[in-house]
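Kindly produce the complete structure, drawing on both the sequences and the hints.
Chains as they are written, first to last, in our numbering: chain G, 13 to 52; chain V, 5 to 443.
Hints were generated in silico from the structure; no laboratory data involved.
Glycine included, each C-beta is placed from N, C-alpha and C at the ideal position.
One or more of the hints may lead you astray.
To be verified - For the chain G half of the interface with chain V, some residues (derived, Cβ under 8 Å), not all of them:
| # | residue |
| --- | --- |
| 1 | Leu38 |
| 2 | Asn39 |
| 3 | Ala41 |
| 4 | Ile46 |
Stated by the list, open to error - Here are the computed distance ranges between Cβ atoms for each label pair:
| # | chain 1 | residue 1 | chain 2 | residue 2 | range |
| --- | --- | --- | --- | --- | --- |
| 5 | V | Asp339 | G | Arg52 | 54 to 62 Å |
| 6 | V | Gly353 | G | Leu47 | 58 to 66 Å |
| 7 | V | Glu308 | G | Val48 | 38 to 46 Å |
| 8 | G | Val48 | V | Asp339 | 50 to 58 Å |
| 9 | V | Leu136 | G | Asn39 | 16 to 24 Å |
Said to hold, decoys possible - Away from chain G, derived, C-beta distances all over 10 Å, residues of chain V:
| # | residue |
| --- | --- |
| 10 | Ala9 |
| 11 | Ser137 |
| 12 | Ala191 |
| 13 | Lys203 |
| 14 | Ser313 |
| 15 | Gln381 |
| 16 | Arg403 |
These are the residues of each chain, in order.
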Amino acid sequence: MTERRPPPKLPPHTTRVRRLALFWVLNAALAAGILVFALR
Amino acid sequence: MPAAALILFYLLIALAPLALAAGRGRPPRPVMDEIASGMAMVAFAILLMEFVLSGRFRSISGRVGLDVTMRFHQLLARTALVLALAHPFLYTLPFARPLPFDPTRQLTLTFAAEGLVTGVLAFVLLPGFVILSIARDRIGWRYETWRLAHGLGALAIAVLVLIHARHAGRYSADPQLAGLWAVLTAAAVLSLAHVYLLKPLLARRRPWEVTGLRQLAERTWEVVLSPRGHEGISYRAGQFAWIRIGAPVFSLRENPFSIASAPGEGKDLRFVIKELGDFTATLSGIPLGTRAHVDGPHGNLVLEGRQGSGIAFIAGGVGIAPMLSLLRQLEIDGDPRPTVLVYGNRHAGQIACTEDLARMRRQHRTEVVQVLSEPPQGWEGERGMVDAALIARLFTEARHRDWLYVLCGPAPMMEGVEEALLDLGVAPRQIISERFQHD
Chain G
13 MTERRPPPKL
23 PPHTTRVRRL
33 ALFWVLNAAL
43 AAGILVFALR
Chain V
5 MPAAALILFY
15 LLIALAPLAL
25 AAGRGRPPRP
35 VMDEIASGMA
45 MVAFAILLME
55 FVLSGRFRSI
65 SGRVGLDVTM
75 RFHQLLARTA
85 LVLALAHPFL
95 YTLPFARPLP
105 FDPTRQLTLT
115 FAAEGLVTGV
125 LAFVLLPGFV
135 ILSIARDRIG
145 WRYETWRLAH
155 GLGALAIAVL
165 VLIHARHAGR
175 YSADPQLAGL
185 WAVLTAAAVL
195 SLAHVYLLKP
205 LLARRRPWEV
215 TGLRQLAERT
225 WEVVLSPRGH
235 EGISYRAGQF
245 AWIRIGAPVF
255 SLRENPFSIA
265 SAPGEGKDLR
275 FVIKELGDFT
285 ATLSGIPLGT
295 RAHVDGPHGN
305 LVLEGRQGSG
315 IAFIAGGVGI
325 APMLSLLRQL
335 EIDGDPRPTV
345 LVYGNRHAGQ
355 IACTEDLARM
365 RRQHRTEVVQ
375 VLSEPPQGWE
385 GERGMVDAAL
395 IARLFTEARH
405 RDWLYVLCGP
415 APMMEGVEEA
425 LLDLGVAPRQ
435 IISERFQHD
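Dropping the structure here:
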């Protein structure tokens, strides 16, 4: 009998996505800073 | 949390030029022109901070890990590249000589040779430089050559951008912003000087000597270094060091290797090194007594400050080196927690440190799971790769959820194992890893 494992809770490549998330948060913060500067 | 504080500090410096420029209270130009200048200033700040994020500063990589530091360095380089390349195309104002009735340069862009020439040069060099760095493994340069080209190339681009900013920028000649650029450029130059001049000079006063060299497996060698006239280095199990063997202190023949000995074993450092090319290919011919230099320790693949009711070490190939250090230290400390070592290789001739593995089995009751993808006839260990399926089979029990998992090996192995562990319900903070290569 083969055991059926439940489907993974997290999508594939989650760890890489998690690491990249910080990068995009930083980019968003930099972009926001540039916009605030330009629209001052 | 130190990592979060470092990121906030980074953001603060990257945005500081904008705050200084805005603080001058000049009349605004069209939004696109201000966005272009803002992008250029942020790109320059990122470029200058890249020098400090080179992975050679323990205060940074020791807090967040070398993997994270290097990935940060690589990803932010892409951000700086996009901002730098896009900014010239966003300006809407005409290029012209400064107008006498426009002292704040609200109506024209500067038409100065120094600013234009340096800007165009940097515009051409920067993408080539970043592409060369991303394609490092494919271009076939020796590591030492690449490293020198990377350091000097980055410095040349930084100097070009500094001149460009001073002459072409609306804000960068202002005393406050010029001061910030001077400080950041000085930090960049000093970080290079620190790595290429100061560290070698300090290393000369703390020499090491090759006191042991033996072949452990196919293309895998053990090198023992002993301190001469000093106390050696104070390190934690699982860390690595940059070592230079039989080369002058200012030589770039310096490579990072995990320390395979444990701090509790004494002052000598043991390294398990795989012949890959460059300096590692010459290992077999090194005579005992050869002078060596050590820069370290670096990295945070360490057990201190981490929780786990048991510890699993998952290594591929020469990734066994830090595991030996960690397991040996647990053995010395008499750590009562259960330990499992999963060690993958292609064939039996590549299995290194068999005596260490046997001792760990015997004395520390470490469960050693050997995995071969090309096993010989009669092989009693696991067959195949160290992959998600194997991990799911080995660590199925509920007690494995709160174990600590230490990973070191080739990138595809580590990614597969990480995802398998997360699928099994292991929390991300319970998985620590270190890569051999960074892009």
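How the hints compare with the structure:
Given hint, leucine 38 of chain G at the interface with chain V, holds; its Cβ is 7 Å from that chain's nearest Cβ, closer than 8 Å. Below 8 Å, beta-carbon pairs count as interface contacts, and asparagine 39 of chain G has one with chain V at about 6 Å; its hint therefore holds. About 6 Å separates the beta-carbon of alanine 41 of chain G from the nearest beta-carbon of chain V, less than 8 Å, and the hint is met. At a threshold of 8 Å, the smallest CB-CB gap from isoleucine 46 of chain G to chain V is about 4 Å, leaving the interface hint in force.
Remark: the range hint 54 to 62 Å for aspartate 339 of chain V to arginine 52 of chain G is upheld by a beta-carbon distance near 57 Å. Look at glycine 353 of chain V against leucine 47 of chain G: about 59 Å separates their beta carbons, and that is inside 58 to 66 Å. Judged by the Cβ atoms, the range 38 to 46 Å given for glutamate 308 of chain V and valine 48 of chain G holds: they are separated by roughly 41 Å. Look at valine 48 of chain G against aspartate 339 of chain V: about 52 Å separates their beta carbons, and that is inside 50 to 58 Å.
One distance hint, 16 to 24 Å for the beta-carbon pair leucine 136 of chain V and asparagine 39 of chain G, holds here, with the actual separation near 23 Å. Consistency note on alanine 9 of chain V: stated as away from chain G, and its beta-carbon is indeed over 10 Å from all of that chain's, at 14 Å minimum. For serine 137 of chain V, the condition that its CB be more than 10 Å from all CB atoms of chain G holds, with the nearest at approximately 17 Å. Look at alanine 191 of chain V: its CB is around 19 Å from the nearest CB on chain G, clear of 10 Å, so calling it non-interface holds up.
Residue placement check: lysine 203 of chain V keeps its beta carbon more than 10 Å from all beta carbons of chain G (closest about 29 Å). Separation of serine 313 of chain V from chain G is adequate, the least Cβ-Cβ distance of about 22 Å exceeding the 10 Å criterion. Non-interface call for glutamine 381 of chain V relative to chain G: holds, since the shortest CB-CB distance, roughly 28 Å, exceeds 10 Å. Against the 10 Å criterion, arginine 403 of chain V stays outside the reach of chain G, whose nearest CB is about 18 Å from its own CB.
Of the numbered hints given earlier, the model fails none.
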